[in-house]
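Q: Given the structure of chain A, go ahead and fit chains B, C, D and E with the ligands onto it with the hints provided.
Protein chains in written order, with this note's numbering: chain A, 1 to 305; chain B, 1 to 255; chain C, 1 to 255; chain D, 1 to 247; chain E, 1 to 247.
The hints are simulated quantities; they were obtained by calculation from the structure and are not laboratory data. Some hints here could point you the wrong way.
As the list claims (entries may be wrong) - Simulated restraints, written as ranges between beta carbons of each label pair:
1. C/Trp22 / B/Val88: 17 to 25 Å
2. C/Leu239 / B/Arg249: 36 to 44 Å
3. E/His126 / B/Leu28: 56 to 64 Å
4. E/Arg61 / C/Pro86: 47 to 55 Å
5. A/Asn285 / B/His242: 45 to 53 Å
6. E/Ser10 / D/Arg229: 39 to 47 Å
7. D/Pro147 / E/His126: 39 to 47 Å
As the list claims (entries may be wrong) - Straight-line alpha carbon distances no greater than 30 Å define the calculated BS3-like cross-link-like pairs of lysine-lysine that follow:
8. D/Lys70 / B/Lys166
9. E/Lys70 / C/Lys150
10. E/Lys168 / D/Lys242
11. E/Lys114 / E/Lys27
12. A/Lys131 / A/Lys10
13. E/Lys118 / E/Lys107
14. A/Lys221 / A/Lys239
15. A/Lys32 / A/Lys10
16. A/Lys251 / C/Lys200
17. B/Lys27 / A/Lys291
In this text, a Cβ means the ideal position worked out from N, Cα and C, and glycines have one as well.
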Amino acid sequence: KEKDKKDLEKVTVVLDWTPNTNHTGLYVAKDKGYFKEEGLDVEIIMPGEAGADQLTASGKADFGVSYQESITQARVQGVPLVSVAAVIQHNTSGFASPAEKNITSPKDFAGKTYGGWGSPVEKSVLDSLMKIEKANVADVSIVNMGDADFFTAVKRDIDFAWIYYGWTGVEAELRGEKINMVYLTDYSEKLDYYTPVLATNEKMIKNNPEIVKAFVKAASKGYGYTIENPNEAADILLKAAPDLDEQLVKKSQEWLAPRYQDDASRWGEQKLDVWKNYADWMFENGLLDKKLEAEKAFTNEFLPE
Amino acid sequence: MINNLLKGWRPALVLLLLFIIWEMAVKLADIPAWLLPPPTDILKEAIEGWGNFHEHLQSTIKLSLLGFVIGSSVGLLTAIILHLIPMVRESIYPLLILSQNVPIIVLAPLLVIWFGFGLMPKIIVITLVCFFPITVAALDGFRQTPNELKHYMMMAGANRRQLFWKLELPFSLPAIFSGLKISATYSVMGAVISEWLGAKSGIGVYMTLASSSFRTDRVFVAILFIMILSLLLFLLILLAEHFLVRWKRMEAERK
Amino acid sequence: MINNLLKGWRPALVLLLLFIIWEMAVKLADIPAWLLPPPTDILKEAIEGWGNFHEHLQSTIKLSLLGFVIGSSVGLLTAIILHLIPMVRESIYPLLILSQNVPIIVLAPLLVIWFGFGLMPKIIVITLVCFFPITVAALDGFRQTPNELKHYMMMAGANRRQLFWKLELPFSLPAIFSGLKISATYSVMGAVISEWLGAKSGIGVYMTLASSSFRTDRVFVAILFIMILSLLLFLLILLAEHFLVRWKRMEAERK
Amino acid sequence: MSLLSIENVSKRFGENEVIRGLSLDVKAGEFVSILGPSGSGKSTIFNLIGGLLTPDEGTIRLQKESIIGKRGSISYMPQTPSLLPWRTILHNVLLGQELQGNINREKAIEMIEKAGLKEYIHSYPHELSGGMKQRVAFIRALLSPQPIILLDEPFSALDEWTRLGMQKWLLDIWDSHRPTILFVTHNIEEALFLSDRIFVLSHRPSHVISELKVPFSRPRNEELLLENRFLESKRTIHFALKRSNRE
Amino acid sequence: MSLLSIENVSKRFGENEVIRGLSLDVKAGEFVSILGPSGSGKSTIFNLIGGLLTPDEGTIRLQKESIIGKRGSISYMPQTPSLLPWRTILHNVLLGQELQGNINREKAIEMIEKAGLKEYIHSYPHELSGGMKQRVAFIRALLSPQPIILLDEPFSALDEWTRLGMQKWLLDIWDSHRPTILFVTHNIEEALFLSDRIFVLSHRPSHVISELKVPFSRPRNEELLLENRFLESKRTIHFALKRSNRE
Ligand SMILES: Nc1ncnc2c1ncn2[C@@H]1O[C@H](COP(=O)(O)OP(=O)(O)OP(=O)(O)O)[C@@H](O)[C@H]1O
Ligand SMILES: Nc1ncnc2c1ncn2[C@@H]1O[C@H](COP(=O)(O)OP(=O)(O)OP(=O)(O)O)[C@@H](O)[C@H]1O
Ligand SMILES: [Mg+2]
Ligand SMILES: [Mg+2]
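Next comes chain A alone, as it looks inside the complex (with noise of 0.2 Å):
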């Protein structure tokens, strides 16, 4: 057995935050062998403050989970991150906030505080979302709430602000506090962007695409079985970082199983579209510095038939 390790292909893969009910696919995949049947050992690691993405770029780390929203800023700036496969089909991510501040929909927003954590992209999200239902972002405050989280932000000050429904929201609903949420999806085809996305170097996929390829079909098998076995998928979750609240991650799991292919036609399939959509909707908001050539941000190539 220690002679098997030795022949396997050591690779790391580098969360973008602490682990949660995204990177599920990623440990059950570990834990059940899938990446051993590719011939990979795959390490799992937590950025800390160091940012997933710097590292994937440079190399110390072979793969990592990242955004499309980054991935388009980091190759504007000749960084060379390529996404290889979409986790979440849909854009999850929305506006939330207490039930009782009443804010249903984009045209609410005006007259409260939203707390952010003072990227441009906010204030160009709000404004398209807004301008939709004629609403002018100019009447909206815009705080940054800095590493304060959200049911911190809403005691103070704060009136809405920008969560993953899969983590926070189900938080919400185990504290038994209502939300409501205006998704993004809801009201702009160009903001349903891929988030998370797992993505790798252009070395690497120019030096050792068979890796790539082993990687990707791994963790194509682990989300798969997540999407049929959430719970017992949580359980592998909650093996692998015990510290996690077991409520939530199981809960979480639920919610998310059968958003994490949706609608496509397997998991992890990425469409040019969107990658277009969002990065000429960046540009025209003025958070590009340059076009994207999305062609070369991402590839379908290494998923599994």
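A: Just chains B, C, D and E with the ligands now, kept in the frame of chain A:
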């Protein structure tokens, strides 16, 4: 003073040398700019991006200065209270040391809950970072007041207040100034950290944005200005010391 | 020493009082536990979660100790080099001070990119946090060696090496130990920060996990242990000092 | 009639009995010395008079009033000059008055000039030599409003040559102002050269073993130190001390 | 035949001419004092002999060999005891030998015991009184292998009573070992009481203004200080110094 500045040519030279080596290394090893930009790129970005950057810089300067003033006042006041009431000193001082081991980033959410997103939590963070060196330095200064001077003052009929204002406080000014020097440089760091608690502008904000949009050169511009700012604040305190504790300097020059 | 520990009852009492007030405040004001858990909850979690937590604790202890040993060695060595070669001191010392103003969190990604995920970048972070207080303290110690002792040694024919090993180094041991005490407590903080650079276990990891799954009580357990650990390391150095610089303590007791 | 009178004072620090049944008195305008070996409790006597310590027994009276535990009723010049390094000479000299509340700037300037320190009036203490600093400390004591000056071995930290100069200077000043002075020293020559009366103390626990009226007329000058009658007086005190040691 | 001879030595620090054409010599087994006012360059002379400074002019010879700029060729006892606080008395005493490379532990223990410090042999310096520390410093100098001991005002920091005790002790030790000693002081009595010959220095720039053979026989005791012939010698030196000041 001017002497000291002139002496600075040697470290400046070393710094220049470091920059040249850095530039060469980046060029020769063909390191991509997003990984480690060469100094010339950083300089270029600092100049080109100035129009956008100076606003951030301004708000950080304001925040650091305000935080420093409040933080060091709190520090000095704490020292005075601890000094004048020995019982408080014995019960609180060890806890103050302990307080320096609470990671500030962990406190952040609590501060936000209690004080919202305004100026208050930021000032608290800077104060937490700033006050301790001054408290320690001032307490040391008070305690090190020579016994002979105290004895003379007491024999000559000084009361507790006169003893403090006419002897202990002026005597510990040099010590307080060394505390101020440390705090001054910390206050810039503290301001940047506190901006991560949510701010609209500031070097901290600029830096997060830069790093999330892969502008490593801008991250370095931010570092550069943090260092320059720290240095300037340090020099400011040095200048104040130069005028306020003349006697100590003159004494030192004599030796 | 034992005296000093016994004196600790007063701060301990204040601490206890603080905890009681905290508990009462939380209970009376009905603050939700995810916002600010009462001390009893934290204690309960510390005990119940121990089986899972002690692994994290162990790896942080190992990392802190290793980092501290390496960091303080680097610090001491730097001080010795700066002391023995005045030209190096003049050119490098100001830069060292400047180096303390680079926010470590900004350096982190660069360190990981340059040195990977191994032990190396973590040790570098702890070293950066640790070395400076020791360098400053040791340099001060070397420089404060009384002139009369130096003069005697030189008149008696001591060469540079003898002067350093027989006079300057032993004389500055107490100063070095005060540097070590500061560095020791910093090293725990440094280790926690360095774990944010990507580690599999450690209090830093535990803390991020806890905070990302909204377990405020666990975050406080982490803070609690960081403080305890810092305190223990501090006491360890105090103990070492107790045995190594007997003479200074005895001298002080005389006064 | 005595200005200061100490009667039957005793003081112990725990086990350590320092003073036992000590009595002495100082008349207005007199220069009185207390001569005693190191550790015999001379500084302790001053601390008792100055109100920093209270005696276990006995009375201490200044102008008939008890000053036990009362600070600030005497003017004091310590062994080290104890000037505040951040004050100019003028402001240092004024300190004694400042603590008592009324400042006389003109008088201070006049005294400093008389002491030959005119050019140093706005200098800081570190710019002065040891002897000059002691002069400033003495002027400070002289300017304080209290009726008696205590001097605690003011010259023992100076080197011999400077010390002699200071002694001569002190005699000069004293001759022209005639303040009441209680002087502490362990140097027989110094006590003889300066004072009207000398109280010789025993070893701990100390009390007065002999009181001596100094037989030399004033003004005195340096040559006195080398005269045979001076050596004679010195011998007397020396043997008195030796005898008390043997007891 | 002289063990140490200094000929025509001059030294200036920038503008400040400290020594001008100074000559003196010390024979083996002799106790020679240099007597001079403060700041006359006495310590500078020692630094020249010890090799810390080099003279601008002149020669310094030890046993016929030039020792200009050569450190470690003399044994030295400074004004302050300069004991290392982290070493026990025994290890402090051994320091002089240690620096030269060969250690004689037995001899050291013997000497410490002779000096009456037997119970302090493993104590640390802070446990000793000022006088005791100076004894240790002297033993350290005595045990160093060099043929001459320089003593730079070793007793001037002690109070008068301890100082007298130390002088008597030094005379005792010297009588039994007869080391060669060059002693610096600004105290006329001390020089007269201790030495065989005295070189009296002028003010800066200093040179020898008079050389004096001390007329008292050995062993000497304390009473000598109170005799008339002692006062006589003191007067001689005093007036010699006074004359040179006036020049
Ligand atoms: N505050 C105090 N507490 C305890 N002991 C004291 C205190 N002040 C003085 N002593 C003791 O009293 C004794 C006499 O001390 P004091 O300073 O009065 O002597 P002194 O005659 O002035 O000596 P010196 O000539 O050295 O100045 C000493 O043994 C000293 O230890
Ligand atoms: N290294 C030096 N650099 C410049 N000047 C010096 C140096 N050493 C001594 N001097 C000057 O030389 C003069 C004589 O000093 P020195 O210490 O030799 O006198 P001294 O006779 O030993 O005095 P004291 O009795 O006070 O010890 C002084 O004016 C001093 O300022
Ligand atoms: Mg005294
Ligand atoms: Mg000298």
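Q: Now tell me, hint by hint, if it's right for this structure.
A: So, going through the hints one by one against the coordinates:
Between C/Trp22 and B/Val88 the C-beta distance comes to about 20 Å, which sits within the given range of 17 to 25 Å. In this structure the hint that C/Leu239 and B/Arg249 lie 36 to 44 Å apart at CB holds, the actual value being about 40 Å. The given range of 56 to 64 Å is respected by E/His126 and B/Leu28, whose C-beta atoms sit roughly 60 Å from each other. With their beta carbons about 34 Å apart, E/Arg61 and C/Pro86 fall outside the hinted range of 47 to 55 Å.
For A/Asn285 paired with B/His242, a C-beta distance near 52 Å keeps the hint of 45 to 53 Å intact. For the hinted restraint 39 to 47 Å between E/Ser10 and D/Arg229, the CB-CB distance of approximately 44 Å keeps it satisfied. Remark: the range hint 39 to 47 Å for D/Pro147 to E/His126 is upheld by a beta-carbon distance near 42 Å. The straight-line distance between the Cα atoms of D/Lys70 and B/Lys166 is roughly 21 Å, inside the 30 Å bound, and the hint therefore holds.
Simply put, E/Lys70 and C/Lys150 have alpha-carbon atoms about 17 Å apart, close enough for the 30 Å limit, and the pair holds. Pair hint E/Lys168 plus D/Lys242 holds up; C-alpha atoms about 16 Å apart against a cutoff of 30 Å. A threshold of 30 Å between alpha carbons decides the hint, and for E/Lys114 with E/Lys27 the separation of about 26 Å falls inside it, so the pair holds. Note on A/Lys131 and A/Lys10: the hinted pairing is violated, with a Cα-Cα distance of about 49 Å set against a maximum of 30 Å.
A C-alpha spacing of about 13 Å is found between E/Lys118 and E/Lys107, which places the hinted pair at or below 30 Å, so the restraint holds. For the hint pairing A/Lys221 with A/Lys239, the CA-to-CA distance comes to about 19 Å; that is within 30 Å, so the pair holds. Distance restraint check for A/Lys32 and A/Lys10: the Cα-Cα separation of roughly 17 Å lies within the 30 Å cut-off, and the hinted pair is therefore satisfied. Restraint check: the Cα-Cα separation between A/Lys251 and C/Lys200 comes to about 25 Å, which is no more than 30 Å; the hinted pair holds.
For the hint linking B/Lys27 to A/Lys291, the alpha-carbon distance of about 27 Å falls within 30 Å, and the restraint holds.
Taken one by one, the earlier hints fail for this structure at numbers 4, 12, listed in ascending order.
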